[in-house]
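J.: Work out the full structure: start from the sequences and follow the hints.
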Amino acid sequence: MTARPAYGAFCIGLFAFSALAVFFVVPLFFMVVVSFYKPDPMGFYKVTFVWENYQKFFASFYYKVSLRSLYSSALGAVLVVALAFPTAIAVSNLSRKWQLFWVILLLSLMCLSEVIIGFAWLIILSESAGIPRLLEFLGLWTNPRSLSPSFWAMMIGLVFLGFSVVTLMIYPQAAKRDRSIEEAAVTLGTPPSRVFTKVLVPSFRPTLISVTLTMFVYLLGVFVMPTMLGRPKDWTMTVIISDKALGDANLPLGAALAVVMLVVTAITLAVALLAERHGQR
Amino acid sequence: MADLKISQLSKAFGTIEALRDISIDIEAGEFICLLGSSGCGKTTLLRLIAGLESHDHGEMTLAGQDLTAIPSHKRGIGMVFQSLALFPHLNVSNNIGYGLNLRGEDRAKVTAEVDRLLGMVGLRGLGERQISALSGGQRQRVAIARALALKPQIFLMDEPFSALDAALRDQMQSEVKRIQQELGVTTIFVTHDQKEAMALADRIAIMHDAKIIQVGTPDELYAKPNSKFVAEFFETSNVLQVSVDNDGVYMGTQFLGARAIGVLASGTNEIAIRPEAIELLKSDESPQTPGTLINQRRLGALIEREVDLGGQIILQSAFVGQGLTFEIGDRVDVRMDLSKAWVLSG
Chain A
0 MTARPAYGAF
10 CIGLFAFSAL
20 AVFFVVPLFF
30 MVVVSFYKPD
40 PMGFYKVTFV
50 WENYQKFFAS
60 FYYKVSLRSL
70 YSSALGAVLV
80 VALAFPTAIA
90 VSNLSRKWQL
100 FWVILLLSLM
110 CLSEVIIGFA
120 WLIILSESAG
130 IPRLLEFLGL
140 WTNPRSLSPS
150 FWAMMIGLVF
160 LGFSVVTLMI
170 YPQAAKRDRS
180 IEEAAVTLGT
190 PPSRVFTKVL
200 VPSFRPTLIS
210 VTLTMFVYLL
220 GVFVMPTMLG
230 RPKDWTMTVI
240 ISDKALGDAN
250 LPLGAALAVV
260 MLVVTAITLA
270 VALLAERHGQ
280 R
Chain B
0 MADLKISQLS
10 KAFGTIEALR
20 DISIDIEAGE
30 FICLLGSSGC
40 GKTTLLRLIA
50 GLESHDHGEM
60 TLAGQDLTAI
70 PSHKRGIGMV
80 FQSLALFPHL
90 NVSNNIGYGL
100 NLRGEDRAKV
110 TAEVDRLLGM
120 VGLRGLGERQ
130 ISALSGGQRQ
140 RVAIARALAL
150 KPQIFLMDEP
160 FSALDAALRD
170 QMQSEVKRIQ
180 QELGVTTIFV
190 THDQKEAMAL
200 ADRIAIMHDA
210 KIIQVGTPDE
220 LYAKPNSKFV
230 AEFFETSNVL
240 QVSVDNDGVY
250 MGTQFLGARA
260 IGVLASGTNE
270 IAIRPEAIEL
280 LKSDESPQTP
290 GTLINQRRLG
300 ALIEREVDLG
310 GQIILQSAFV
320 GQGLTFEIGD
330 RVDVRMDLSK
340 AWVLSG
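Chains A and B, in that order, are what the protein sequence lines are.
Residues 0 to 280 (numbering that gives the first Met the number 0) make up the first sequence, in order.
Residues 0 to 345 (numbering that gives the first Met the number 0) make up the second sequence, in order.
What the hints contain is simulated information worked out from the structure, not anything from laboratory work.
Model, not experiment: these values are computed from the prediction.
All clues stand as given, with none of them false.
The calculated DSS-like cross-link candidates involving lysine-lysine, where the alpha carbons are at most 25 Å apart (straight line), are:
id : chain 1 : residue 1 : chain 2 : residue 2
1  : B       : K150      : A       : K197
2  : A       : K197      : B       : K108
3  : B       : K73       : A       : K197
T.: Below is the structure:
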C-alpha cells in the first residue's frame, strides 16, 4: 500500500526527466556536436571535427558582441527591476479594486507581441510623430531627429518588454508581505520616506536578485527589440547568431557562438549566485 | 517615563466606528492591559498611540505634550507587533540595534547596549543568529529587546503571545512582567485573554464595541464587574434576571432567598453573584431552591459545579474537601448569599 505514492512520484519524475531530455538536452547535444563541424560554403556543413568556429569567436569581433550583449542585458535587467519593484509595491498598497485594475493592465501588456511593442516604440521615438515632434512643439528641441535606432531606444524596448513580467513576478510577494515590518521600522525612528530603502529593498533582496538574474537571461535571448530599435553595433549576440545560422547558412559558427554564450551566461549566473550567498553570510 | 492622557478619542474607518470617545489616564510606570474581544478597537487604540493611524477627534498628551502633533517616527514609542515584525534580512544583534544604528550612535555604544539587552531577555550569545534560525519564544524576546533599545517613553505590545503554546506563553508573561518592573517603563498591552490580563496588569481597561466600559485593577474587575458584559467576559460571575419584593428574591417563580437589605431594591434587577457565594445542600423533600447538578470539574484546589436551576445554568464553586460531595444528576438545594450579590448597570 505504501509503495503506490512512491511509484506515482517516480512516474511523474520520469516524465519530467524525459521531457527535459527531449526538449533541452538532445537539441543542446546536437548543437554542441554541430559547433565542431566544418562549415560548407555551398550548403549546411561537413562532418569533420574542427576548432575553427571557436577560434573565430576569439579572433574576431564576436567576443566584443558577446560582452556588449552581457552588458545590455544586465543593464536592462537592472533597469527593469528598478522600475518594476517600486511599481509592484505601489500597486500592492492600492485598494483591492485598483490592484485588480493594474494586474489586468499588466497582464494585457504581456499579451502584446514583441513586434507590436517594437513598432509602437518606433513611432513614439520617430521624428515625425513621436516624442521629438512633441518636444519641438513645446519649444524644448529646435532641430528634432528620430531617437531610434539607438542604444537607449533598444534599452527602452527591452525594459518595456520585461517591465510587466517582472512587476507581476514581484507583485504576489509584495501583496502578501507583512506590512507591520515597515510600521516597526517607523516606530524605531525610520522616517517614512526612508522605509523603502532601509527595509523594503533589503528584505526583498533574495527576490530582487532572483528576478534580476531571470530577466538577465530573458533579455539575452530577445531578438526583435535589438533589430528594430538598436543600431547594428548595438545588436546582441542573439541577433548575430541568428544572422550567421540563418542569413549566412553557417550553422556550425552559429552553434559555436550559441555554445560560448551558454557557457558565459552560466558562469555569470554562477558568479552572481555565489556573490549573493557570500553577501548573506 | 511619562503620563499618557487620552481624552474623547474617536476614530472611524469609513462608516465603521473603531473607537468612540475613549478617555483614560495612564500613569508613568503603569502596566495597563486593553482587554476585549476581536474587533472591539483595542489594536486601533494602540496604533493611534503609536502614530500608525490618525485620529478623528479627541486629544492625546504625553507628559503634557500633544502626542498627535508628533509623527510616529519621532514619538519615542517602542512597539511589539502581533506578528513581531522582525527584520528578516538582519541578524538578532542588528535587529535589536536597528534604532540605535539609525540614530547614528557610536558603534561601541550600540554593541554594548545590544549585549546588555541580549542579557536582559536571556539571549546572550545568540546575537549573530539569523531570525529564521530562532524559536518562537526567542523571536518574542528579540522583538521585546528591539522595542526597548531606544528606551521608549511608552512600551506597546499588541497580542504578542497569541501564537505561542500555553507553557511558553506563561513563561513569556513572567519575563515581560519582570522586564517591565525592572525598567519601570509605562506599558500598554493588548490582549483578548482575560487570564493574561489578570496575570500582567496593574490596571485593566475592558473594551467593547469601540468603547472602554470599565477600568480597574484585576481585583476590582474580578470582584465587581459593573456590567453584564464584563461579568460574562470574565466568566466568573452568574448573571441573573431577578424580581425583588418584600418577601424575597425570585428568578421567574423560583424563590432564591430573602431580600438583602441595602443591596437589592424592589423591582426587576439584573444581578451578579459570584460562584463562591453559592452553597449546595443535599436536596430534602422540600428544598428551598431546587436544582440539578449537571456537571462538575476539578480546577486545582477548587471544584466547579454547574447547576440547572429551572432552565438557567449557574456556576458554583468551593474548595475541594469543603462542604458536601455530589454526583452528577443529584438533586440539590441551592443557597445563595444574596448579601454578596450586586446590581449590574447594563
